[in-house]
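Trainee: Take a look at the letters that make up each chain.
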Amino acid sequence: MIATVVGSYPRPKWFREYLKRIEGLQKDLDVEIDAEILRKAIAEVIEKQREAGIDLMTDGQLVWHDFLATLATRIEGFTMDGLIRYFDNNLYYRRPIVKDRLRRRGEILWDFKLALEIESNLKPVLSCFTLAKLSKNEYYSNFEELLWDLGEIVKEEIKGLNVEFVQFDEPALLFASRNEIEIARDVFREICKVNAKTILMTYFSSAENVFPEVLDFSFDIFGLDFVEGFDVNLKLAKEYDLESINVGIVDARNTKMEDLKDLKAKLERILEFAKDVYISPNAGLEFLPEDKAFEKMRLVSKLKEVFE
Amino acid sequence: MKTTVVGSYPKPKWLLRMIKLHNEGRSDDKVMNEAYEDAVRAVVKDHEVAGVDIIWDGEMRRDEMTSYFARKIDGFVIYGEVRVWGNVYYPKPAIVDELRYREPLVVHEFEFLRSITDKEIKVPITGAYTIVDWSFNEFYKTKEEAVYALAEVINRELRNLVKAGADYIQLDEPAISTRPEELEIAKNAVEIMTEGVNAYVGMHVCYGNYSKIFPDILDFKVDQLDFEFANRNFEDLKLLKEYDFDKDLGFGCMDVHTRRIESVDEVRRAIEMALEVVDPKRLYIDPDCGLKLLPRDVAFKKLEVMVKAKNAVELEFGLT
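Top to bottom, those sequences are chains A and B. In case it helps, the working numbering puts the first sequence at residues 1 to 308. In case it helps, the working numbering puts the second sequence at residues 309 to 628.
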């Protein structure tokens with residue numbers, strides 16, 4: 001069993017204040033960030049994950065203003081629009097607009113690469129379908145063309161990373177149409193040819209909307225939200241015999257600390273059939289204040305200890 | 309037809325410095341309170357000079373619209389800040405115990421304001437639904453239970469407010485338009501909050517898509533509904549026409565998200581559009597939302613323009 005996290009982590013307070021000082025409330029491009037300062041912040045967040053007992057870590061996505069803007073501003077063809085609510089959270093993202101053909105301008109995840117210099121056991125967290133779906137398409141004649149171009153760019157990026165795992169956070173798949181899911185299947189089959197274990201994370205809802213098509217997406221590991229959709233996701237995982245699962249079991253959106261016994265009982269039901277299990281919070285931890293985010297990671301690793 | 313404000317006004321720069329000193333322990337509570345009172349005097353003067361009919365204190369004492377109240381109510385704790393967007397964070401409260409009344413939330417603000425002005429006063433307070441929606445809930449089994457418990461606390465404050473002489477209360481509920489599926493909870497909460505409260509009650513709703521809360525929003529037991537119209541080019545007036553709007557209207561007609569000062573003429577035309585929906589007697593003209601994010605001179609000029617536009621309409625229609 002591997003203890004992991006989903007992606008984002010609250011920024012250390014001093015780093016938050018630094019960003020606000022140099023960027024104001026929000027900047028489109030993050031070119032002015034001092035690499036040494038960012039390195040220090042990432043190192044701090046990696047150290048926290050290690051201290052909490054997380055096996056497979058992330059860079060915390062510390063310069064990401066929201067889940068879409070970082071990718072969108074680093075890929076040619078997007079411009080940024082006004083704020084929109086991010087699913088059912090009190091968190092807002094700037095809507096990317098596709099104004100031109102999408103092109104890879106150069107390295108996208110330079111902040112992740114910086115993190116790799118500090119710690120090699122990291123997974124990059126990206127989005128392809130969700131970025132395309134939550135953007136406004138003003139250039140491509142249809143969604144399919146947009147997703148294919150974006151998929152190509154993302155695949156190129158992964159090739160240059162040389163990592164063991166790569167994760168796609170795709171909450172928008174849970175609310176997609178059948179046609180969109182079929183397009184996603186074809187695009188992801190292509191992306192998943194990369195030389196890394198691929199993880200698909202879904203959250204904010206149960207995943208019934210993507211089954212059974214998702215089985216043909218070619219992902220190695222399916223991430224399901226067992227906080228928002230325990231019963232449905234349990235049924236789906238059993239029915240489709242999912243062996244490799246990322247179990248999002250600790251609530252990343254509430255400060256309430258779960259009872260370890262309850263978590264154990266839930267996880268036992270999943271272990272009845274799953275062989276290769278990753279456990280994590282059900283979403284990125286940036287929904288929580290710093291101290292609570294740390295406690296939630298501790299909870300994940302304590303849960304793992306229970307089974308060792 | 310009267311002009312009013314939604315609530316907040318830019319804090320004077322010197323007040324922000326004082327707050328910083330106070331937070332660092334470099335000035336005592338007495339000096340800080342004097343600074344708040346002087347800031348309120350300055351805001352009131354701005355409102356009086358601009359000619360606004362119904363005023364508030366600019367929310368000089370409030371740092372933020374959720375945690376300010378949460379800190380004064382037993383059962384809440386604040387662990388730290390979380391992000392709203394970009395580099396904007398807020399101290400998100402968590403409900404960790406039964407919510408109970410502890411100390412005045414707004415009565416002290418009202419009493420001071422009453423002592424320094426003869427103007428009509430509106431008292432804004434964040435509503436129970438919005439505070440709970442913007443908090444973590446560790447204690448109550450459901451969000452609904454938490455909302456109703458908080459509504460009881462607020463009800464006690466509103467009763468005290470009326471005893472202190474307030475006659476116009478505004479519930480700020482920006483969160484309700486972001487979760488239309490929970491409108492019923494918010495509606496019940498309004499009934500709990502206003503139970504036995506003998507005052508004119510308005511409700512301010514902003515942020516979301518109004519078409520999703522119409523026509524159900526018309527069933528809320530409030531005298532007035534206050535909406536932002538300017539930042540969506542007054543298109544939402546259509547909704548009011550479509551559903552036979554029959555409450556008093558708080559008509560947000562100054563865009564608070566732009567520093568551009570509207571012309572008297574464009575605001576006058578906007579007010580005329582509003583008059584196609586409600587009678588002048590039932591029209592309250594105000595900015596879209598609180599003015600606190602604007603530079604102070606811009607906020608003041610917007611109020612001036614708003615008052616001039618209202619006066620022009622009254623003159624034109626012989627309403628004075």
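By construction, these hints were calculated from the structure, which means they are not laboratory data. Be aware that a few hints might be false.
To be verified - Below, a list of computed lysine to aspartate or glutamate pairs in the DMTMM-like style, where the Cα atoms sit at most 20 Å apart:
{"#": "1", "chain 1": "A", "residue 1": "13", "chain 2": "B", "residue 2": "389"}
{"#": "2", "chain 1": "A", "residue 1": "20", "chain 2": "B", "residue 2": "372"}
{"#": "3", "chain 1": "B", "residue 1": "451", "chain 2": "A", "residue 2": "305"}
{"#": "4", "chain 1": "B", "residue 1": "449", "chain 2": "A", "residue 2": "259"}
{"#": "5", "chain 1": "B", "residue 1": "520", "chain 2": "A", "residue 2": "258"}
{"#": "6", "chain 1": "A", "residue 1": "264", "chain 2": "A", "residue 2": "305"}
{"#": "7", "chain 1": "B", "residue 1": "600", "chain 2": "B", "residue 2": "426"}
{"#": "8", "chain 1": "B", "residue 1": "449", "chain 2": "A", "residue 2": "305"}
{"#": "9", "chain 1": "A", "residue 1": "261", "chain 2": "B", "residue 2": "446"}
Claimed, not checked - Listed below are several chain B residues computed to face chain A (Cβ distance under 8 Å; list not exhaustive):
{"#": "10", "residue": "350"}
{"#": "11", "residue": "393"}
{"#": "12", "residue": "416"}
{"#": "13", "residue": "442"}
{"#": "14", "residue": "490"}
{"#": "15", "residue": "491"}
{"#": "16", "residue": "628"}
No experiment lies behind these values; they were computed from the predicted model shown. Glycine included, C-beta positions come from ideal geometry on N, C-alpha and C.
Trainee: With reference to the structure, classify each hint as holding or not holding.
Mentor: Status of each hint after checking the structure:
no.	hint	verdict
1	A:13 x B:389	9 Å, holds
2	A:20 x B:372	18 Å, holds
3	B:451 x A:305	33 Å, violated
4	B:449 x A:259	15 Å, holds
5	B:520 x A:258	35 Å, violated
6	A:264 x A:305	10 Å, holds
7	B:600 x B:426	23 Å, violated
8	B:449 x A:305	29 Å, violated
9	A:261 x B:446	18 Å, holds
10	350	26 Å, violated
11	393	4 Å, holds
12	416	29 Å, violated
13	442	6 Å, holds
14	490	10 Å, violated
15	491	15 Å, violated
16	628	40 Å, violated
Hint violations for this structure: numbers 3, 5, 7, 8, 10, 12, 14, 15 and 16, all remaining hints satisfied.
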